[in-house]
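J.: Chain by chain, the residues:
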Amino acid sequence: MSWLRRLFQELAPAPITSVGTGFSTNTIATPKNEACNRLKLVLMHDRTQLSATMMETLRDELVEVISKYVEIDKDALELNLEGESNTIALVANIPVLRARAAS
Amino acid sequence: MVSAKSSSKKEARVIVVTSGKGGVGKTTTTANIGTGLARMGHKVVLIDTDIGLRNLDILMGLENRIVYNIVDVVEERCKLTQALVKDKRLPNLSLLPAAQTRDKSALSVEQMKKLIAQLKTEADFVLVDSPAGIEQGFQNAIAAATEAIVVCTPEMSAVRDADRIIGLLEAKEEITNYKLVLNRVRPSMIKTNDMMDIDDVLEILSIKLLGVIPEDKDIIVSTNKGEPVVNMDESLAGQAYRNIARRVAGEDVPYLNLDAPLTFMEKVMGLFSRSKSA
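Protein sequence lines, in the order shown, are assigned to chains A and B. Basically my numbering = 1-based index in the first sequence + 3. Basically my numbering = 1-based index in the second sequence + 106.
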């Protein structure tokens, strides 16, 4: 199923949150440029690293908010920081069980 | 060096030399900047905080003169003055060696602060050589520092670790100034786009440059001799370190032209023109 999820992620128009990089990307594939581009991406990751407890809190609060509107499978919820071509995306995969009845 | 005579009331600048990654040239940089400053007449104390893996003594050629070490001082087995090893040539330069048979936990942040407070009144510069890593040893090394020199090579892993270190230095309020020494630069590889250049590293790390050291076999030779390369008058790396020492002392020194002279003759000519301008 992971290939399916990946496919949908790729098709998804925009991630939930994305952090601008502020870095320009070099295009010609010399070892120098490769090093620069790879480093910029790695450092974006390193610099946006959330601590385990922050991630846990974020997850819990997300569940709380979303659960107001839809019933979700809390245990299957996935939340990750992922590197795209030149952005970092907070990618959440939240399986929905059913919508809440309108109150 | 720490004697009863305390002529100046001015406090020493305490500068930590650090990198995150091991093997990028922290100890070499500490030895050479320290020796460079001492050659200019400043009173300098070098502190090796790499407890268990001491090496600064080797680079200074002082390994046979060590009696006491930093742990002996903090555990009060000797006085600070007894542990300081005087340099072979420069009487205004001394080394406080690390303990070799202990580990990083033998020293605490509080002990380091106390120790450096004692040295501060007696020297112009206290250079603290930090161990690799970001754990206890690093915390000890930065404990009393107000300035930092980040050593890095133009390699991905070194730059990544330097970025982490810069983050930690930024988080420490007492450190008001930190700059980069880019070590082991190979101009010929930069020319062929096989290596990141100086501007790449400065942009990625958003840090100011203190100086650039070329990859130079003189460094290996000088280590083998126990004589910092800064003392080798004809060495390019030595010249680069002499310039850095002057910048640390506040002088405005133009950067060396490292554009690799490819032929022997060019190299000789290059050295000739450099020594005239230096």
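Calculated from the structure, these hints are not laboratory results. Certain hints may be false.
[Unchecked claim] Only pairs whose alpha carbons sit at most 25 Å apart, straight line, appear in this in silico SDA-like list of lysine to any residue:
no., chain 1, residue 1, chain 2, residue 2
1, A, Lys35, B, Asn363
2, B, Lys220, B, Arg195
3, B, Lys297, A, Glu37
4, A, Lys35, B, Lys285
5, B, Lys127, A, Met47
6, B, Lys314, A, Arg50
7, B, Lys323, B, Gly167
8, B, Lys127, B, Thr227
9, B, Lys278, A, Glu37
10, A, Lys43, B, Lys323
11, A, Lys43, B, His148
12, A, Lys35, B, His148
13, A, Lys35, B, Ile281
14, A, Lys43, B, Leu168
15, B, Lys127, A, Leu82
16, B, Lys278, B, Gln245
17, A, Lys43, B, Gly167
18, B, Lys285, B, Leu168
J.: A separate judgement is required for each hint: does it hold in the structure or not?
T.: Each hint tested on the structure:
Distance hint between Lys35(A) and Asn363(B) is fulfilled; the C-alpha atoms sit about 20 Å from each other, no more than 25 Å. For the suggested pair Lys220(B) and Arg195(B), the alpha carbons sit about 29 Å apart, so the restraint of at most 25 Å is broken. Between Lys297(B) and Glu37(A), the direct Cα distance comes to roughly 15 Å. Compliance with the 25 Å bound is thereby established for this hinted pair. Straight-line distance between C-alpha atoms of Lys35(A) and Lys285(B) comes to about 23 Å, which keeps the hinted pair within the 25 Å bound.
A threshold of 25 Å between alpha carbons decides the hint, and for Lys127(B) with Met47(A) the separation of about 19 Å falls inside it, so the pair holds. A threshold of 25 Å between alpha carbons decides the hint, and for Lys314(B) with Arg50(A) the separation of about 19 Å falls inside it, so the pair holds. Of the supplied pair hints, the one linking Lys323(B) and Gly167(B) holds, its CA atoms being roughly 18 Å apart against a limit of 25 Å. A threshold of 25 Å between alpha carbons decides the hint, and for Lys127(B) with Thr227(B) the separation of about 32 Å lies outside it, so the pair is violated.
Between the alpha carbons of Lys278(B) and Glu37(A) the distance comes to roughly 33 Å, so the proposed pair goes past 25 Å and is violated. Distance check on the hinted pair: Lys43(A) and Lys323(B) sit about 31 Å apart at the alpha-carbon level, beyond 25 Å; violated. A hinted pair counts as satisfied when its Cα atoms are at most 25 Å apart, and Lys43(A) with His148(B) does not qualify at roughly 40 Å. With a C-alpha separation of about 40 Å, the suggested pairing of Lys35(A) with His148(B) is violated against the 25 Å cut-off.
For the hint linking Lys35(A) to Ile281(B), the alpha-carbon distance of about 32 Å lies beyond 25 Å, and the restraint is violated. At most 25 Å may separate the alpha-carbon atoms for a hinted pair to count; Lys43(A) and Leu168(B) exceed this at roughly 41 Å. Using a Cα cut-off of 25 Å, the hinted pair Lys127(B) and Leu82(A) is violated, with the two alpha carbons roughly 31 Å apart. Taken as a hint, the Lys278(B) and Gln245(B) pair is honoured in the structure, with Cα atoms around 10 Å apart against an allowance of 25 Å.
Distance restraint check for Lys43(A) and Gly167(B): the Cα-Cα separation of roughly 40 Å exceeds the 25 Å cut-off, and the hinted pair is therefore not satisfied. A threshold of 25 Å between alpha carbons decides the hint, and for Lys285(B) with Leu168(B) the separation of about 28 Å lies outside it, so the pair is violated.
Of the numbered hints stated above, those contradicted by the structure are hints 2, 8, 9, 10, 11, 12, 13, 14, 15, 17, 18, listed in ascending order.
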